[in-house]
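Here the protein sequences come in this chain order: A and B. Residue 0 is where the first sequence starts when you use numbering that gives the first Met the number 0, and the numbers rise one by one after that. Residue 0 is where the second sequence starts when you use numbering that gives the first Met the number 0, and the numbers rise one by one after that.
For the record, the hints were derived by calculation from the structure and aren't laboratory data. Treat the hints loosely; a few may be bogus.
Covered, in the sense of this in silico footprint (three residues per stretch, anywhere, with C-beta under 8 Å from a C-beta of chain A), are these stretches of chain B [what the hints assert, rightly or not]:
{"id": "1", "region": "38–52"}
{"id": "2", "region": "60–67"}
{"id": "3", "region": "87–101"}
{"id": "4", "region": "238–252"}
{"id": "5", "region": "258–265"}
From a predicted model like this one, the values you see are computed outputs, not experimental measurements. For glycine and all other residues, C-beta sits at the position ideal for the given N, C-alpha and C.
There are 2 protein chains.
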Amino acid sequence: MADVATEHPFDADTRVEAVAAGGFAAHISDRWNALGGRPNGGYLLAVCTRALRQVMPLPDPLAVSAFFLRPGSPGPARVDTEVVRGGRRVATGEARLGQGGREVVRVVASFADLRRAGGRTLVLGGPPFLPRPEDAVDLLAGGTMPGVSITERVEYRGPKLPGWVTGTPTGDPSGSFWMRFRDGRATDLASLPLLVDAAAPAVMELGETASSTLELTVHLRAHPAPGWVACRVATRHLVGGYHEEDMEVWDADGKLVAQSRQLALLPGGL
Amino acid sequence: MADVATEHPFDADTRVEAVAAGGFAAHISDRWNALGGRPNGGYLLAVCTRALRQVMPLPDPLAVSAFFLRPGSPGPARVDTEVVRGGRRVATGEARLGQGGREVVRVVASFADLRRAGGRTLVLGGPPFLPRPEDAVDLLAGGTMPGVSITERVEYRGPKLPGWVTGTPTGDPSGSFWMRFRDGRATDLASLPLLVDAAAPAVMELGETASSTLELTVHLRAHPAPGWVACRVATRHLVGGYHEEDMEVWDADGKLVAQSRQLALLPGGL
């Protein structure tokens, strides 16, 4: 049994308890709030992924796709899972996270055993060029963002302060930076669905102050080394208020560990 | 009523007939087969999207995510739909396409009214630089691929013949080209989920001869102009047999109309 007293917040706050066949109780914490003071979407996705891990016949999330139906709230939640298709190489399941009887997130996810992925490898891209984390700047200038409690849990370092942090958005909605848990919890596959959504939206460099994720898909590519991950984020197409945000996550050994894309909507975009 | 005799194959072959509350009968045609002689995944997704359009309260697919569970086959199919969440701006539904009592594809999709998307627009990318379609080369050298019946329905033109077509893969799994229906059917939102999956996999330029799509997400950004669309495709990260394939689709007026990403697995990749 895990020693709850010494459990890292990420592990404590994504814990699920089986209460029925495929049904789990969860408690959504207020320690992972995003801009707007609501639980971060990646955090809700990590809870769903953890519930799915309990029922899937293969160990590793491979492709995880979430549709965010309503804002979540701190408090109790229920996650109902379904094994859609077992399989020797790839298995697919669905999870529905509800609060107060209303569905908040629907997730479909394929699982595999990434350590057994023995096919061809050819990586044409590479990790972003960044100063070593110990030589890099804390992107929140040593503080956290009031009300955005996820910034108390996750640490961000990069070559220089983002423009939006200093009140002068650069106009370029892209960037690269390091990320890790502040408390030293290792980066692993389970935490990547959170981390890909844990940074400030790239559109803040366009002077925007918030954006709501409608859909987020994460491709998990390899088990990461435990420490810092190097992230490259970009939005290139903002159309009628809708925009993508792409992220690549590379581990400290220079290995691609995740790619994600989300579709998000600026406030008042419609 | 549509005149079936003059209906375009895409419209005839994605037709669904309500047979129960949210349940539809479909017939999977052999006219959209991909490499391997099985129905193209994008075609199956287009059938699911068409069924969802019958039940969703908003007209336009916005974000469509499909997990391919088993290969489909020509013949009867059933599509069961569910409105997961209505909504004034965005509504989300699910579709499950089954054949012979076994689920083949699971789709979650958000719908919106893209003509009412009045928020901010800032497009940093642009369409690929291509010769005009009438000056471009037919990428199948004027023929079709035997057994790959989708190449009888869709036409591809680009600056020069792909390396894999001439037996000398270039080693660069990226490219840009024009695409349209051969029979003159207009490109529209409904056809984009098919078209993003209708071209030869980019990894054919790596000497590969097939790849199986596990997951495909399409973001629909705007109603396209009716004719040729300009596509930019790339795979950059092939890891252990798994690879992404990203596509951008721009209409003839230079407007971004769709972005897609799929996760696919090379044969024998595991």
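Handout entry: Ascending list of hint numbers which this structure does not respect
Key = 1
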